[in-house]
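Just need the whole structure built from these sequences, with the hints factored in.
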Amino acid sequence: MMRLRTVASAALILSLTACGGATSGAGESTPSAGAKGTVKLAVNPWVGYESDAAVVGYLLEKKLGYTVEKKELKEEISWQGFETGEVDAILENWGHADLKKTYIEQKKVAVEAGSTGNTGVIGWYVPQWMADQYPDITDYKNLNKYAGLFKTSESKGKGQLLGGDPSYVTNDVALINNLKLDYTVVFSGSEAAIIKAAQQAGAQKKPLLFYFYEPQWLFAQEKFARIKLPPYTAGCDADPKKVACDYPDYDLDKIVSKKFADANSTAYQLIKNFKWTNDDQNLVSDYLTNQGMSADQAAEKWVNEHEATWKPWIPAGS
Amino acid sequence: MTATATPPTIQPDGRVVAVAGEGAAPWRRGLTRRRVLWVVLIAATVGAYLGFRTGGAADSDDAAAFRFFTDVRNWVDENRDTSPLFLYGFNYLRLGVRLLVDAVQAGLYGLGFAGLVAAAGAVALVLAGWRTALVAVGGFLAFGFLGLWAESVDTLVLTTSAVLLAVVIGVPIGVLAARVNWVSAILRPVLDVMQIMPTFAYLAPMTLLFLIGEPAAVIATLIYAVPATIRITELGIREVSPTTVEAATALGSTSRQLLTKVRLPMARPTIVLAVNQTIMMALSMVVITALIDAPGLGQNIIRALERVNVGAAFDAGLAIVIMAVVLDRITTGAARRRPAAPARHQRPTAANGVERVGAGRRDRWRAAGGRNRWAVAAGTLVVVVVLAVLPISEDLPHFSFAVPVNELTGWIELHWYDGTEWVKNVVSAGLLDPLEGVLTSTPWWLFVLVVAGFGTMASGVRAAVIAALAAAGIAGLGLWQHAMQTLATVLVTIVLTMAVGIVLGVWSARHDWFAAGLRPVLDAAQTMPSFVYLLPALALFGASRFTAIVAGFVYAFPPVVRLVDRGLRDVPAAVVEAAVSAGSTPRQLLWKVQLPMARGGLLLAANQGIVMVLAMVVLGGLVGAGALGYDVVAGFSQREDFGKGLAAGFAIVLLGILLDRLTQGFHHAKGPR
Chain A
0 MMRLRTVASA
10 ALILSLTACG
20 GATSGAGEST
30 PSAGAKGTVK
40 LAVNPWVGYE
50 SDAAVVGYLL
60 EKKLGYTVEK
70 KELKEEISWQ
80 GFETGEVDAI
90 LENWGHADLK
100 KTYIEQKKVA
110 VEAGSTGNTG
120 VIGWYVPQWM
130 ADQYPDITDY
140 KNLNKYAGLF
150 KTSESKGKGQ
160 LLGGDPSYVT
170 NDVALINNLK
180 LDYTVVFSGS
190 EAAIIKAAQQ
200 AGAQKKPLLF
210 YFYEPQWLFA
220 QEKFARIKLP
230 PYTAGCDADP
240 KKVACDYPDY
250 DLDKIVSKKF
260 ADANSTAYQL
270 IKNFKWTNDD
280 QNLVSDYLTN
290 QGMSADQAAE
300 KWVNEHEATW
310 KPWIPAGS
Chain B
0 MTATATPPTI
10 QPDGRVVAVA
20 GEGAAPWRRG
30 LTRRRVLWVV
40 LIAATVGAYL
50 GFRTGGAADS
60 DDAAAFRFFT
70 DVRNWVDENR
80 DTSPLFLYGF
90 NYLRLGVRLL
100 VDAVQAGLYG
110 LGFAGLVAAA
120 GAVALVLAGW
130 RTALVAVGGF
140 LAFGFLGLWA
150 ESVDTLVLTT
160 SAVLLAVVIG
170 VPIGVLAARV
180 NWVSAILRPV
190 LDVMQIMPTF
200 AYLAPMTLLF
210 LIGEPAAVIA
220 TLIYAVPATI
230 RITELGIREV
240 SPTTVEAATA
250 LGSTSRQLLT
260 KVRLPMARPT
270 IVLAVNQTIM
280 MALSMVVITA
290 LIDAPGLGQN
300 IIRALERVNV
310 GAAFDAGLAI
320 VIMAVVLDRI
330 TTGAARRRPA
340 APARHQRPTA
350 ANGVERVGAG
360 RRDRWRAAGG
370 RNRWAVAAGT
380 LVVVVVLAVL
390 PISEDLPHFS
400 FAVPVNELTG
410 WIELHWYDGT
420 EWVKNVVSAG
430 LLDPLEGVLT
440 STPWWLFVLV
450 VAGFGTMASG
460 VRAAVIAALA
470 AAGIAGLGLW
480 QHAMQTLATV
490 LVTIVLTMAV
500 GIVLGVWSAR
510 HDWFAAGLRP
520 VLDAAQTMPS
530 FVYLLPALAL
540 FGASRFTAIV
550 AGFVYAFPPV
560 VRLVDRGLRD
570 VPAAVVEAAV
580 SAGSTPRQLL
590 WKVQLPMARG
600 GLLLAANQGI
610 VMVLAMVVLG
620 GLVGAGALGY
630 DVVAGFSQRE
640 DFGKGLAAGF
650 AIVLLGILLD
660 RLTQGFHHAK
670 GPR
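These protein sequence lines are chains A and B, in that order. If you're matching positions, the first sequence starts at 0 in numbering that gives the first Met the number 0 and goes up one per residue. If you're matching positions, the second sequence starts at 0 in numbering that gives the first Met the number 0 and goes up one per residue.
If you're looking for bench data, these hints aren't it; they were derived computationally from the structure. Everything numeric in this text was worked out from a predicted model, so none of it was measured. In this text, a Cβ means the ideal position worked out from N, Cα and C, and glycines have one as well. Check before you lean on any hint, since a few could be wrong.
As the list claims (entries may be wrong) - Facing chain A, a subset of chain B residues (Cβ under 7 Å, in silico): (1) A203; (2) M205; (3) L210; (4) L290; (5) D292; (6) D569; (7) V570; (8) V574; (9) V575; (10) A578; (11) V632; (12) S636; (13) E639.
Stated by the list, open to error - Part of the chain A face toward chain B, derived, beta carbon under 7 Å: (14) T66; (15) I76; (16) S187; (17) Q203; (18) K204.
Rendered as structure tokens:
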């Protein structure tokens with residue numbers, strides 16, 4: 000396989016030199032998308048996504064006989080992969096309206112493949128012990144009363160709201176301004192930073208107000224309480240500077256490359272049919288993180304125990 | 000004296016600087032007038048600051064520079080399948096790199112487990128002797144014992160490919176730069192940008208040009224590592240003794256003969272050091288390129304980070320440290336192993352120098368030791384081939400440090416928290432906040448003037464003008480506030496690094512047992528990917544600027560310790576003896592003799608520390624330090640923030656140039672770098 004590719008790309012260089020120009024996809028081993036063969040799944044760097052990829056990959060390989068190539072990529076680079084033919088499918092997409100516009104509407108290299116059934120919840124959370132100790136803290140109107148608890152070395156004398164990974168949607172700065180909260184956003188910059196802070200807040204009983212999201216494997220380990228912000232209504236987040244309402248629930252969806260969809264293989268149909276609940280995903284994530292299983296072990300265990308869930312995903316006649 | 004007799008000081012980031020301990024002379028002239036000038040300058044700065052300070056308005060999200068970079072990106076995106084620049088340029092580049100990676104991969108995997116272990120041992124034996132060979136065999140076996148064999152080989156493939164390219168490209172450019180001054184002058188800022196620009200800032204567009212996977216990873220690594228190759232090669236060629244060159248010229252050597260028979264052979268030890276530094280730089284890119292699907296140990300670390308599993312990250316990090324140590328010992332061994340070279344180099348009389356020209360190659364063959372070495376090499380080659388053919392599997396019993404490491408960090412995180420939080424709060428409130436307050440409330444034009452003024456005093460007019468232009472450039476990018484916040488964090492990190500580095504360096508210079516014990520710690524601190532110790536640091540210090548300071552400190556203190564150690568050890572023994580016989584106590588000896596005489600080395604350590612700390616600014620963006628680091632990370636994650644991210648990357652480069660030029664006057668590194 001590898002030798003073959005070497006020879007092939009050498010031959011390509013020669014032939015292309017003769018007839019002029021190499022396009023951006025030339026020379027990579029790209030079996031025609033969707034043919035019974037290889038399915039290239041992007042794996043974005045969070046555990047929930049890995050669970051999707053583990054189960055879908057397992058079914059593709061074991062039940063439909065495909066070869067699955069998993070590519071560990073950040074979100075935006077996965078979308079670029081649709082264009083260069085290096086990615087067939089993204090299994091858990093959180094919104095990303097800008098990318099949809101670029102790659103689905105303008106470049107027409109990707110298409111939507113329906114919901115994963117998972118609901119993405121974004122919100123502000125405190126550790127459960129705080130909600131027990133200060134029962135009224137879960138209403139945003141009382142947050143100012145407790146601002147002093149959340150002071151840190153980074154928050155310039157105000158309360159600290161720990162912000163999330165820059166990959167995710169956030170209205171936190173506008174929310175604090177528009178709800179007149181005596182807080183400031185400290186950008187943690189990575190998922191690991193928030194998770195670690197949340198774990199310490201539980202273990203050390205230290206106050207923490209943070210931006211977080213579900214489905215998330217940490218919820219299988221520890222309890223956090225969500226702060227009630229003014230309820231979301233359609234369009235209340237239209238102007239990012241004037242947002243004063245909670246985050247909407249995200250319908251997490253699947254995106255596939257246009258070529259892959261057009262080929263309409265059984266692999267595409269399986270990915271299109273794939274749909275499960277937050278609990279299903281959290282269970283597989285729990286296998287991966289807290290029980291230390293590999294992706295294949297976790298998928299095998301889940302698949303063996305949940306035949307009723309995945310049976311309908313398998314395309315008829317395969 | 001000839002250059003080869005005293006090897007140049009070469010920094011872990013590949014910068015080359017003059018030999019320590021030569022910087023004291025000009026400071027003696029006009030001392031009092033200078034002091035008065037300093038006082039006046041400081042008073043004027045304080046006065047102007049009090050008169051003109053601002054409220055420090057936040058940076059806008061939409062500056063001309065951000066839009067410009069976004070437009071460039073969009074242009075590339077639209078034209079990369081039509082523009083000849085891509086059709087005939089970048090795409091062939093990628094195909095070529097793909098060929099190279101595949102060839103190296105086929106070679107290393109073809110050897111098999113036992114074959115590769117034996118080959119590593121054989122290479123080490125031939126290049127660096129049997130001790131290093133043992134280290135190499137032990138190290139490569141350890142990859143198997145850690146259960147990370149395939150990942151380690153993948154990482155080795157990428158590193159080898161990038162280093163091969165860096166040598167093929169970097170050595171000729173380095174030679175050219177050493178011979179043609181204007182090439183060198185043009186290259187310097189380009190190399191600065193390549194080296195300081197955070198990889199995060201260009202990783203996403205990289206995959207547009209070179210696709211996802213190995214070629215893009217190799218090219219990203221190359222961009223970061225090749226400046227070291229070029230700079231050190233240039234230094235090596237420049238340091239070839241002019242007397243030798245003259246003698247060879249007088250005897251009628253052509254310029255080609257001069258290069259291949261005199262300059263290159265004489266610069267060989269330095270060029271091998273260039274390879275050594277290139278390897279170290281390339282290895283430090285392993286983790287980041289995993290984000291564009293480069294295979295290898297980096298992926299293990301990224302995955303462990305997602306699961307907040309320090310232990311798993313530690314195993315992979317340890318494999319990287321082992322690989323770095325093995326490759327470092329092999330190449331430094333190769334650089335030293337020049338049979339009888341020092342004796343010949345010490346008296347470069349004309350006759351002597353010319354004799355070398357012809358005799359060099361025969362010498363090596365004739366030396367008895369040399370013949371042995373080739374016999375040994377032939378023997379090991381046979382062993383390697385046999386082992387490569389035998390089907391020995393890498394399925395060794397596995398040892399993992401994951402469980403003990405997780406337990407230990409868990410315990411520390413639980414019990415040390417109150418203490419570490421106290422340290423963080425004290426440093427933040429006492430040092431970081433006031434400094435940040437002053438810097439962010441200084442109007443940019445005043446800052447530029449102050450840089451120009453103090454720069455002229457410290458480093459001369461030319462360096463000051465460049466530094467001031469860099470400061471003005473930061474303002475022009477529209478990231479003034481963020482740059483000043485980052486600067487405050489960087490300065491505090493430097494102070495901390497210097498304080499600890501000097502104490503440890505002094506100890507290590509005075510006690511050999513301490514130096515010996517410290518060396519593996521320094522090696523590990525420098526090569527362990529910072530992503531590994533990020534999690535415990537986050538647990539102890541929270542998402543804060545102080546966590547970034549800790550990460551920067553761990554990365555930057557090893558070279559400082561090494562430079563201080565070396566600076567003190569370079570103080571001539573005669574001077575120390577004289578002071579002791581004059582009745583100095585050990586304390587007086589240190590404060591009155593050794594430290595003042597090692598001043599050049601200390602200031603050099605500060606300069607190098609600054610550059611290394613800047614390399615960690617982006618990491619700070621991942622742990623809550625905000626400012627420029629966060630801008631770069633956000634630019635990598637969100638398409639619409641790309642322009643701002645790249646602008647922040649350039650702002651970091653400008654900060655680096657500013658600090659480098661301000662401190663360079665201290666150590667007289669105006670020569671080849």
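How the hints compare with the structure:
1. A203: 6 Å, holds
2. M205: 9 Å, violated
3. L210: Since chain A brings a Cβ to about 5 Å from B:L210, closer than 7 Å, the hint holds.
4. L290: 6 Å, holds
5. D292: 5 Å, holds
6. D569: 41 Å, violated
7. V570: With a minimum Cβ separation of about 41 Å from chain A (threshold 7 Å), the hint on B:V570 is violated.
8. V574: 46 Å, violated
9. V575: 44 Å, violated
10. A578: 45 Å, violated
11. V632: Constraint on B:V632 satisfied, holds at 6 Å.
12. S636: Where the cut-off is 7 Å and the nearest Cβ of chain A is about 4 Å from B:S636, the hint holds.
13. E639: Holds. Min distance 6 Å.
14. T66: 16 Å, violated
15. I76: With Cβ-Cβ at 5 Å, under 7 Å, it holds.
16. S187: 4 Å, holds
17. Q203: 5 Å, holds
18. K204: 11 Å, violated
The earlier numbered hints that this structure contradicts are 2, 6, 7, 8, 9, 10, 14, 18.
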